[in-house]
Amino acid sequence: MEEKTFICTACPTGCKLNIRMEGEEVIKITGQRCSKGEVYGRQEAIAPQRMVASTVRVTNGFHPLLPVYTKGSIPKRKISEVLEKIRAVEVTAPVQAEDVIIANVIGTGVDVIASRDMPAR
Amino acid sequence: MQEKYDYIVIGGGVVGAMITRWLSRYEGKLLLIEKEEDIGMGSSSANTAIVHAGYDPLPGSLKALMNVKANPMWDQLAGELNFPFERRGDYVVAVGEEELPLVDKLMQQGIKNGVPGMMMISGEEMRSRERDINPEVSGALWASTGGICDPFQVTVAAAENAVMNGATVMLDTAFEDFIWEGNRIIGVKTNRGDFYARWVINSAGIYADAVMHKAGVRPEFFIKPRKGEYVIFDRAEVQIHNVLFPVPSSRGKGILVTTTLHENTIVGPNANVIDDKEDTSLTKEGLDELLEGAKKLIPSLNLRHSIANFVGLRPMGNGPCYTPGINYSNDYVIEIPGNVQGFVNLGGIESPGLTSAPAIAERVVNLMKDAGEEFTVKQDWDPIRPARPRFAHMTHDERRLLCDMDPRFGRVICRCENVTEGEIVAEIHAPVPALTYDAIKRRTWLGTGRCQGGFDMTRVVAILARELGVSPFEITKRGKSSEYLYRTTKDVEVADVD
Amino acid sequence: MLIKKQYDVVVIGSGPGGLAAAIEAKKGGADDVLVIERDVELGGILLQCIHNGFGLQTFKEDLPGPEYAQRYINEAKTLGITFLLDTMVMDVTSQRRLYLSSRDFGYLEVDAHAIVLAMGCRERTRAQVRIPGYRPNGVFTAGTAQRWVNVEGYMPGNRFVVLGSGDIGMIMARRLTFEGAHVERVLEIQSYLSGLSRNYVQCLDDWGISLQLRHTVKRILGKDRVEAIESVAVDDKWNYIPGTEEIIPCDTLLLSVGLIPENELSKKAGVALDPVTGGPFVDEHFQTNVPGIFAAGNVVHVYDLVDYVSLAGAEAGRSAAEFALAEKERSARYIPLIAGKNVRYIVPHKLDKKALEKGDISLQMRVTQPIEEDVWLDVHGENNSVVRRSERYVRPGEMVTIVLRSRMAAEVEKANSLTVDIYPKSEA
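Chains as they are written, first to last, in the numbering used here: chain G, 1 to 121; chain B, 1 to 498; chain F, 1 to 428.
If you're looking for bench data, these hints aren't it; they were derived computationally from the structure. All C-beta atoms, glycine included, are put in the ideal place defined by N, C-alpha and C. Treat the hints with care, since some could be wrong.
Result set (BS3-like, lysine-lysine): computed pairs, CA atoms no more than 27 Å apart in a straight line [stated by the list, open to error]:
#, chain 1, residue 1, chain 2, residue 2
1, B, K277, B, K253
2, B, K284, F, K5
3, G, K78, B, K490
4, B, K490, B, K189
5, B, K214, G, K71
6, B, K35, B, K295
7, F, K60, G, K76
8, B, K105, B, K69
9, F, K60, F, K5
10, F, K223, B, K224
11, B, K295, B, K214
12, B, K295, F, K5
Computed footprint of chain B on chain F; a stretch qualifies when at least three of its residues, placed anywhere within it, have a C-beta under 8 Å from a C-beta of chain B [claimed, not checked]:
#, segment
13, 136-146
14, 328-341
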């Protein structure tokens, strides 16, 4: 039996959640003040997810970097891998906001997309 | 690298810069060496910026002589070199009846020193001249010949005028030793090579003792750094109109509250003798001391409104006063030593050093003349160092004309102090160039406002890199080892999440 | 690009507050809307806030800052709003005249029927927090570091300590970690987190970055560059607790110690500021005490969510457009009074045509030369006569008065200007 505690980030309130687990199974969640907290607690205990935002290098762009983000959340334990993939990329301007920079990054089913337009220099 | 000069000046503070400027009037190859990456980075840019009236130094001392001689020289100097200077006069404020005799004594001392334009005013009069003054003010000494300047601008302007008249200024050039021929100094060894000269002038500020000892001169003379800390107040919150001294104590002139030519109010300095000549750190105790001292004059001062601090080290020397009958051992050393040839020696030029600088320069030249040096005035000597445009001080119409002339003056880089790209570029390419962020800051006052560089920093780094033709990674705040940027963002791998 | 002398609404700042204001002003009927931005592109501070968390209310999406801005930028561009980039507003008067400076357009004067102030905030700096020590390089506000890291592509250090648990500090702690730097510690002088708990989880807790509440920086070590900071615990009065000092080696200290609404321009325009918020006193339309000058966004007070900034900007923009249109309509009703033959001057210099409906208006004037015979005092428009009466003489020493009566309103209405001529009847 294991107990994990998290601060819920489903809304700004930040309830302190207490998750009791048996192996990979959630037995009980306490501390939440709404149903969103229960959903968050369950996910966070079993397979925490995060959105990732970073930048990629741009050639011939108005700026040397283009901000990008994952359109959806990816498993928290894969963040470093995703960041490495992002680091290896170099795009060429012009780029539009929401252009796919890396499709289905490391098989997560989530695309890494551009956060803004980046015109050519 | 070996080069032959006629005169070499060691030390690019205000005194060294003035001496170089005075010498640049005459024929002869002239070199000023400065160990830092900019001129005037020692005491010259970290002081109260006051051109003293001259009532404070001990009558009969060289300090008093130099102060009173120099004070009237400043009008012409400011006109020629175009630095900010105002004769605003200053006040020594007596708080409480018991301080009045002390202030009067100061006035008598001033009269002895030959200081003109002084008078005692009543407490009521003082209150009418400075609204927020301590209500217990009982009177004040009003010395109308006191002035305020921008001490760094003075130093830069003097050095630039010297360069315009043919002098060479070498920054990042540190004196290491003398080169001898018998008992004659014929040059200096530096970290950038040997340089030869017929005369070498020691104007090394806080290190003047180390330099003179290398010449075997005055082994008993020592300089102890006396730390002076300062607080600068936001001009939007604190408006003091005058230069206000407290009654002096044995430790010095005391903690002033004074307006500056940038319209900020500064409080300081305290005076604590330390050991480390490189210790310009601000201390919490010092801050407390400053505020306590300042509240004596302006009780409403609140550290909440402080916007910056700085620290200066005064080169306090133990030079004896040679006037018969005067028992004083903190006087200036300005001499041609008897035991060494080709050497002019200065030491212990603390307050009123800034004020005295032009008189000291003149004295150095006279000493050299007395020692047989023949000076020929240059035919094309130009005493004028033209002012460069200051966008912040211009009217709307003047700004429009300036922008039409050069569009770079239209691009405002420092939002708080209204400094434009055109001005920054001009300083980077000036006769004594600004090569670092702080060097530009000292010249233009950029980055000293409310946001303390928050907006302009990234832009100035980019402009410096562009104008100097170097990578942004080489741009520093104040010379080597103070770089801003370490690498590009994509160079390094990320650590794993736990 | 042709820059006009007069705009209906001028917006200072193209961050979320300014863009929303400009868009709503244009939609609200203001024809000429100008946005002035000191940076080289639109978007304001959002451009460097590349993390998610923006737009949950406005777009029901979790967007990064630049994309939130992009949505507004795209809309603003379709509406025909004029943008001046790389341009600094140097002065604003209470008469709504702006002085602008830029490399591309020079130094300009522009008048506005209404202004929206949307200059945002600046960061509180180290000096105001009064940390003793040297002044080595490597002490930056989190926002300055953010610009370097996210926009210009430079890392201003390798090992960081963050002072302040504000959102910007926590966000940067994660950002720097993502780019391969080490964040040693986050210190917070209060006993509580300064920013959102979500950021604590996702920026500090996720990455094992230790947060110490009730701690601050006692000293900064290093002369040319930061070498370490000395942290210390504090009591609830912020006094140092002796014996709790710790030297933390690092090369950069990031300050995230608060935002201050940037109101220097507001002061110049005579806008009264609330010392508690640091921003202008405003009513429910975000109008300041100066008629026609509005303020929206972080310049008014520090917001938590950008979505609310946009709402405020929209309201301010809407109200600014309304004010501008009323102003225009009002000033269109004014016609000049022209001193004609033998008239040296007339007061008033201009009059509101509609004012005559409410009552008589006296015109007072003086003649240039004496005429010692019967004269006509003749008030007329370009093509019509308004009133003509006679006097036995006129002399420069005696003021002459002509009264415009309500019944003359119809004739005055036809004119774009009124001229008064005074001449001898014999010449008529």
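Verification of the hints:
For the hint pairing B/K277 with B/K253, the CA-to-CA distance comes to about 22 Å; that is within 27 Å, so the pair holds. Among the hinted pairs, B/K284 with F/K5 is inconsistent with the structure: their alpha-carbon atoms are about 53 Å apart, more than 27 Å. Simply put, G/K78 and B/K490 have alpha-carbon atoms about 19 Å apart, close enough for the 27 Å limit, and the pair holds. A hinted pair counts as satisfied when its Cα atoms are at most 27 Å apart, and B/K490 with B/K189 does not qualify at roughly 44 Å.
Pair hint B/K214 plus G/K71 does not hold up; C-alpha atoms about 70 Å apart against a cutoff of 27 Å. Pair hint B/K35 plus B/K295 does not hold up; C-alpha atoms about 38 Å apart against a cutoff of 27 Å. Between F/K60 and G/K76, the direct Cα distance comes to roughly 23 Å. Compliance with the 27 Å bound is thereby established for this hinted pair. Between B/K105 and B/K69, the direct Cα distance comes to roughly 21 Å. Compliance with the 27 Å bound is thereby established for this hinted pair.
The suggested pairing of F/K60 with F/K5 is violated, with an alpha-carbon distance near 40 Å, which exceeds 27 Å. Restraint check for F/K223 and B/K224: satisfied, since their Cα atoms lie roughly 20 Å apart, inside the 27 Å limit. Simply put, B/K295 and B/K214 have alpha-carbon atoms about 45 Å apart, too far for the 27 Å limit, and the pair is violated. Restraint check for B/K295 and F/K5: not satisfied, since their Cα atoms lie roughly 50 Å apart, outside the 27 Å limit.
Evaluation of the coverage hint for the segment 136-146 of chain F: fulfilled, as 6 residues show C-beta separations to chain B shorter than 8 Å, against a requirement of three. Counting residues of the segment 328-341 of chain F whose beta carbon lies closer than 8 Å to any beta carbon of chain B gives 0, which falls below the threshold of three, so the coverage claim is violated.
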